[in-house]
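Asks: Following the hints, position chain B against chain A.
Letter by letter, the chains look like this.
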Amino acid sequence: MSIADTMIPPQAPPPAPPRAYTLSRFVGSVALGIWLALGVGIFFTVVEGWDPEKLARYGPSFLSGLGVTLMLVTSSILMGAVLSLPVALGRMSKHRLWSWLAYAYVYFFRGTPLITQLFLVYYGLGSFRPELQSIGLWWFFRDAWNCALFTFTLNTAAYQAEILRGAIESVPRGQHEGAAALGLPERVAFFKIILPQAMIVALRPYGNEIILMIKGSAIVAIVTVFDLMGETRRAFSRTFDYQMYVWAAALYLLIVEVLRNIWGWLEARLTRHLKR
Amino acid sequence: MSGLFAALFSGIAWIVSTIDPFCGPAGIFRWFGSGTLLACGDTGWGDEIAYGFLVTASLAIATLPVGLVIGFFVALAKQSNERALRLAANIYTTIFRGLPELLTLFIVYYGLQILVQQFLATLGYEDPIEINAFAAGMIALGVVFSAYCSEVLLSAFKAIPQGQYEAGDALGFHRGKTMRLIILPQLVRIALPGLGNLWMALLKDTALVSVVGLPDILRQTGIAARVTKEAFQFFGIACILFLILAMVSSIAFSALERWTKRAEMHR
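Line order of the protein sequences matches chains A and B.
Taking this note's numbering, the leading residue of the first sequence gets 1, the next gets one more, and so forth.
Taking this note's numbering, the leading residue of the second sequence gets 1001, the next gets one more, and so forth.
Treat each hint with caution, since some may be false.
Beyond 10 Å from chain B on every Cβ pair, some chain A residues (computed) [to be verified]:
| # | residue |
| --- | --- |
| 1 | ILE3 |
| 2 | GLY28 |
| 3 | PRO60 |
| 4 | LEU70 |
| 5 | MET71 |
| 6 | THR112 |
| 7 | SER134 |
| 8 | GLY136 |
| 9 | SER217 |
| 10 | THR232 |
Derived list of chain A stretches under chain B, where covered just means 3 residues or more per stretch with a C-beta under 8 Å from a C-beta of chain B [to be verified]:
| # | region |
| --- | --- |
| 11 | 115 to 125 |
| 12 | 240 to 250 |
Label-pair ranges, simulated between beta-carbon atoms [unchecked claim]:
| # | chain 1 | residue 1 | chain 2 | residue 2 | range |
| --- | --- | --- | --- | --- | --- |
| 13 | B | LYS1177 | A | LEU253 | 38 to 44 Å |
| 14 | B | LYS1229 | A | ASN208 | 37 to 43 Å |
| 15 | A | SER134 | B | VAL1227 | 23 to 29 Å |
| 16 | A | LEU253 | B | PHE1073 | 18 to 24 Å |
| 17 | A | THR271 | B | LEU1123 | 56 to 62 Å |
| 18 | B | ALA1013 | A | GLN133 | 37 to 43 Å |
| 19 | B | LYS1229 | A | MET199 | 33 to 39 Å |
| 20 | B | VAL1227 | A | ARG204 | 41 to 47 Å |
| 21 | A | TYR103 | B | GLN1162 | 41 to 47 Å |
| 22 | B | SER1155 | A | MET199 | 38 to 44 Å |
| 23 | A | ALA37 | B | GLN1186 | 55 to 61 Å |
None of these hints come from the bench; they were simulated from the model.
Using N, Cα and C, we set each Cβ at its ideal position, and we do this for glycine too.
Chain A on its own, in the form it takes in the complex (with noise of 0.2 Å):
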């Protein structure tokens, strides 16, 4: 019988085996190196044809543009938010003629592209000049900013209104029944029980629209709104010089990640009472 007096002294895990050099790693890196090639072009572009002259005369009107762009939107997201509670009320509806009425708009501004609706209403609507003019509409439809603003608040409220039904048709049931049992009144019910649990769910939905909008929002550089992609269209037909769309593509980039990353803080901050 022996006794071991000695301790084996402690001593390092054995060494990781190198990693393997797989298929995989070798399409990331080779990936990885386009994007960053990519990445160094542009800069190489840009630092090549850099212009201060350009800039002066071009850097003021994409400031403006990007105001205009933020404007359309944030105007008709709001105005599209008040539109869509009668239309999500609508969907709701146990009147057949409500429900298929607020059915009938949602889909057809869900179905057709904005920008086809964006020429209905431009193009359009310009053949009932007279019509608008009698009743003394005209001045609103014949620019084209007025045009936009109107299609997109439309459009907008159609799927805003979808967001809110799916919203609040997503609170349990036994929430009504709760707040029926505590004798609250409807409203009261509605608006202090129902909608705040209902917009928890709703935020991630609002904020893709948002997102959804900002690059929709786009194409009304084609009837002639000077938005940032109508200020970049402007630049790139006068200086023939890529760049510009490389400038736009890295404004809209950097609206959509900040709004993206607004909207991902806002909410874990929402929900952080649902967080276990």
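Replies: Frame of chain A, contents of chain B only:
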């Protein structure tokens, strides 16, 4: 050989003209549009609009497989163990989901033009060239579609339990075979509703390609509107045609969904 192609094309043209729902033998414009602006042939715009409908539908159908395949591989890259691969795939989706589709289209259209021109200039060919709008539209829409598609497929991949892969290993399947026989059939079933939404978005985005000159529904009706000064009527028709496309595809997708769920228990 060219005779064979000619025969093939004339055969396809004959089939298309026979089943054409607008100007074919049983077309709506043929029966109800004669004598109006929508008549077929030289007196009306019916056949031009029918051609635009065909172009829109074929652009969307041609883009779909491209977007699906790229999206599938990007989704695979996103759940890979390799950090470089994941990063590259995430850059791809961040860029193409963040850019407006119209801007992507312009970047592809003008960028390709510049690239091809520079390439040809090095070969000593200096004439200005024009990129095919259909190809540019297909690339731009396919890239955008694949970026969204990869997200849908990624969440579908996450819904498939690890045990399914292990089952494939236990049966001694190769990785590709596991993917093909075990994972993909479940993936399609889970991802189909999301893919349906993406298809609808793709159909609507095809309208943007009219801006670079593709003779699709919107461009053809736009030309008709400009010539006849009946803008409301023609853009209204464009809206109705897009609605028809949306309806047909929603019917097709619900049939497809029923078909993929045919093996599930009926209760």
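Asks: Go through the numbered hints given earlier and state which of them the structure violates, listing their numbers in rising order.
Replies: When the structure is compared with the hints, numbers 2, 6, 9, 10, 18, 19, 22 and 23 turn out to be violated.
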